[in-house]
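Q: These protein sequence lines map, in sequence, to chains A and B.
For the first sequence, the working numbering assigns the number 663 to the initial residue and increments by one for each residue that follows.
For the second sequence, the working numbering assigns the number 102 to the initial residue and increments by one for each residue that follows.
Worth flagging that the hints you see were computed from the coordinates, not collected in a lab.
All clues stand as given, with none of them false.
Derived lysine-lysine pairs resembling DSBU-like cross-links, with alpha carbons at most 30 Å apart: (1) Lys674(A) <-> Lys160(B); (2) Lys225(B) <-> Lys674(A); (3) Lys160(B) <-> Lys673(A).
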Amino acid sequence: MMIDVQHLQVKKNRRTICSIRQLAIQPGERVVVIGSNGSGKSTLLRVLAGLERDYEGRCDVRLTWRERTYVHQSPCLFRGTVLSSVAYGLRCRGVSQQVAAKRAQECLEQLGIHELATSNTQQLSGGETRRVALARALAFKPQLLILDEPLAELDAQGIESVCRVLTELSETTIVIASPTSMPTKISAREYQLDAPQAE
Amino acid sequence: MDLIWDGFKEAIHLVVNCDPLVMSAAWRSIWISSLAVVLAAAAGLPLGIALALATFPGKRWVIAAFRAGMALPTVFVGVVCYAMFSRQGVLGPLELLYSPWAIVIGEFVLAFPIITAITHGAVKALDPRVGETALTLGAGPFRRWRTYISEARVGVVLAVLTAFGRCVTELGIAMMVGGNIKNHTRTLATATALETGKGEFARGIAMGVVLLVIALSVTIVIVLLSREDKE
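Pulled out of the complex, with its shape left as it was, chain A reads as follows:
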């Protein structure tokens, strides 16, 4: 088991914002966490990513922090070109600039946005930003990919390319938060998350 969540509760200002009794995810499995606004999807993903540490219960992710990555609901790209932004994670792992740039270019091509390589990250549309952020996450081949609403703001072509790339990742464990079911192309187990009961 790669992820084991038991009786998880996250509270903010004494209000429970995320409550999960049990969730287990196996290596290579794809899980879509479905829930309405305020159900705690993003909070759960932040806990799995290691960004939210103030919680009750148990959340075991049997990976180091460098083997998993998380893409925000509104991703943040660093200043510079798209290529340098996508290569960031590889550079963090000591990959040479040349090799990192080559791999970054491959990821951009996978997502059909290779023409953006030399663009400034601050001049991208919302959909382009999402795809670049996904390319950046894929570049260093994480074992666990955590995506918060990856299809939001994407046009039909963007949805098509993201779905294709996600289906090709056969060995990567993927956890996706989404307000509705993902397109049927992405065969994934759905986990319904209900809004926590008011105390």
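Given the structure of chain A, go ahead and fit chain B onto it with the hints provided.
A: Structure of chain B alone, referenced to chain A:
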């Protein structure tokens, strides 16, 4: 107006003819202030970032102290440094008084709170997702700090620029711990004060103009280097 106009003409004459006194004072002003600002940046940038990210008791008082330090009067810094470098002072045995190194230390004290406080403000204003994104992409502490500096580069450049501007034009520290010794500790600011004191207004204005040109040149260079659209 004639006085100022004569000063400008004299400034051009002195610079064109590479007047040794002006060149010596200008070079000294530049290297002393640059060294002080580089040292202050080396200490102030990491501290400013740490203050923006860390949580500890009394943090707001530490930040308030650095903000107050931005308005440190140069004569006050000069007096304190003088007391430390004089024979009876704690640093007296180092015999730094009336040396360029004493001015470097004094200007470091002036620049350090400016760089720390402005960097703190710039990093604090960054989107919290910057740090989280760097972390989830596997950045270690050193790369995360580089990312913070890069993302807050406009604020960081402003911090360094403000500190350099304050150091290169300050008079109190250079006068008190440098002693305005010809060809040894005389800077453009102390030379300007000296020439004006001697009644050499044109020469004083000339020195002031050279000082102004240096400050403006550095500003332009740094602003160009930190252009938003530059990678």
